[in-house]
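Engineer: Sequence:
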Amino acid sequence: MKATQGSVFRRREALITYLDKYDYGTVSELADRFQVSEVTIRRDLLFLEKKQLIERYYGGVKRIKKSEKRESQQLGSVEEFPWQRLLPPLHLLLQEKKLIFVGAGRWSKELIHAVADFDLTIVTNDHSALIDLKPGRAIVCLCGGEVESNSTALVGDIATLAFSKYTADLCLIEASGIDSHEITTTTLSESFVYRTMLQHTQGEKIIYTEGENIGHVRGFMIDRTFMANRLFSNRQLSEIETAQFSSQGLQFSLL
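Numbering-wise (the UniProt record's numbering), the sequence shown opens with residue 1 and increments by one.
Derived by calculation from the structure, the hints in this document are not laboratory data.
Ideal Cβ placement from N, Cα and C applies to all residues, glycine included.
Accuracy of the hints is not assured; some may be wrong.
In silico DSS-like pairs for lysine-lysine, Cα to Cα no more than 27 angstroms straight-line [stated by the list, open to error]:
no.: 1; residue 1: Lys51; residue 2: Lys62
no.: 2; residue 1: Lys98; residue 2: Lys50
no.: 3; residue 1: Lys98; residue 2: Lys134
no.: 4; residue 1: Lys50; residue 2: Lys62
no.: 5; residue 1: Lys50; residue 2: Lys97
no.: 6; residue 1: Lys21; residue 2: Lys51
no.: 7; residue 1: Lys165; residue 2: Lys98
no.: 8; residue 1: Lys21; residue 2: Lys50
no.: 9; residue 1: Lys134; residue 2: Lys97
Derived DEER-like restraints, expressed as beta-carbon distance ranges [stated by the list, open to error]:
no.: 10; residue 1: Val39; residue 2: Asp119; range: 37 to 43 angstroms
no.: 11; residue 1: Tyr57; residue 2: Lys97; range: 20 to 26 angstroms
no.: 12; residue 1: Glu80; residue 2: Phe34; range: 22 to 28 angstroms
no.: 13; residue 1: Ser164; residue 2: Arg56; range: 35 to 41 angstroms
no.: 14; residue 1: Arg235; residue 2: Leu161; range: 31 to 37 angstroms
no.: 15; residue 1: Leu130; residue 2: Ser253; range: 28 to 34 angstroms
no.: 16; residue 1: Pro88; residue 2: Val36; range: 27 to 33 angstroms
no.: 17; residue 1: Asp119; residue 2: Arg218; range: 23 to 29 angstroms
no.: 18; residue 1: Val39; residue 2: Ser164; range: 30 to 36 angstroms
no.: 19; residue 1: Tyr57; residue 2: Phe34; range: 16 to 22 angstroms
no.: 20; residue 1: Pro88; residue 2: Gln248; range: 23 to 29 angstroms
no.: 21; residue 1: Leu130; residue 2: Glu239; range: 39 to 45 angstroms
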């Protein structure tokens, strides 16, 4: 069952890669390309459509292009998302001589550099973390693995195995989406790594994300929401959202 599930995940990731390259395809040609039935391909496409990664039309599918919209959102987010406000509560949660996991994200490098003066061991899959890192008391270790396209993330079996060998006292992950049921990230390969990080953390499991991502679960599931215990964002939750997250044991803090 695990092998079958793994092959399904890999095929769906390969489908996204194919559509990234060719923009669109028909059900029949995708079935031939991946050597599965059209029924199986339709099932895969339905899954990817629910994740808002593709758009289906009669007999075919096209990749949802995020480039211009996504770039404008990211440029605005880099200026607007107050990642620096995450530092005071993070400093209170950090303990000397502990081991922490930090997942690759748009602000992971800055966050790692900001806590480098603590006596910590930091294990991360952000391959840019060592760039311009000033000498400090922290030991920063890269997990190794394959470089994810259009990302600073290290992924794959080596990365996943590396995190499984440790037990962290704190975990810090940027999510692309979160609701009361699940936490998501943008790529399937990253989801495996971040799930392993959460499952091998015995202390604080922190999720941070932009406010617009709350209530939306685009992309691929990292894990169920109850696996984390703290959420930081720059949007105030409604009373209903607060109750929903609280029911999952998630404590929310506004940045």
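Engineer: With reference to the structure, classify each hint as holding or not holding.
Structural biologist: Consistency of the hints with the structure:
1. Lys51 <-> Lys62: Judged against 27 angstroms, a Cα distance of about 14 angstroms means the pair holds.
2. Lys98 <-> Lys50: Distance of about 39 angstroms is beyond 27 angstroms: violated.
3. Lys98 <-> Lys134: 20 angstroms, holds
4. Lys50 <-> Lys62: 14 angstroms, holds
5. Lys50 <-> Lys97: 43 angstroms, violated
6. Lys21 <-> Lys51: 19 angstroms, holds
7. Lys165 <-> Lys98: With a Cα-Cα distance of about 15 angstroms, the restraint between Lys165 and Lys98 holds, given a limit of 27 angstroms.
8. Lys21 <-> Lys50: Answer holds: Lys21 to Lys50 is near 21 angstroms, not above 27 angstroms.
9. Lys134 <-> Lys97: 19 angstroms, holds
10. Val39 <-> Asp119: 37 to 43 angstroms: Distance hint for Val39, Asp119 is violated at roughly 56 angstroms.
11. Tyr57 <-> Lys97: 20 to 26 angstroms: Check failed, 57 angstroms falls outside 20 to 26 angstroms.
12. Glu80 <-> Phe34: 22 to 28 angstroms: 40 angstroms, violated
13. Ser164 <-> Arg56: 35 to 41 angstroms: The hinted range 35 to 41 angstroms holds for Ser164 and Arg56, with Cβ atoms some 36 angstroms apart.
14. Arg235 <-> Leu161: 31 to 37 angstroms: Check passed, 36 angstroms falls within 31 to 37 angstroms.
15. Leu130 <-> Ser253: 28 to 34 angstroms: 29 angstroms, holds
16. Pro88 <-> Val36: 27 to 33 angstroms: Roughly 51 angstroms apart at Cβ, these two residues miss the hinted range, so it is violated.
17. Asp119 <-> Arg218: 23 to 29 angstroms: 38 angstroms, violated
18. Val39 <-> Ser164: 30 to 36 angstroms: 35 angstroms, holds
19. Tyr57 <-> Phe34: 16 to 22 angstroms: Taking Cβ atoms as reference, Tyr57 and Phe34 lie about 19 angstroms apart, which means the hint holds.
20. Pro88 <-> Gln248: 23 to 29 angstroms: Cβ of Pro88 to Cβ of Gln248: about 25 angstroms, so the range 23 to 29 angstroms holds.
21. Leu130 <-> Glu239: 39 to 45 angstroms: Holds - the Cβ-Cβ distance for Leu130 and Glu239, about 43 angstroms, lies within 39 to 45 angstroms.
Going through the hint list in order, the structure does not satisfy hints 2, 5, 10, 11, 12, 16 and 17.
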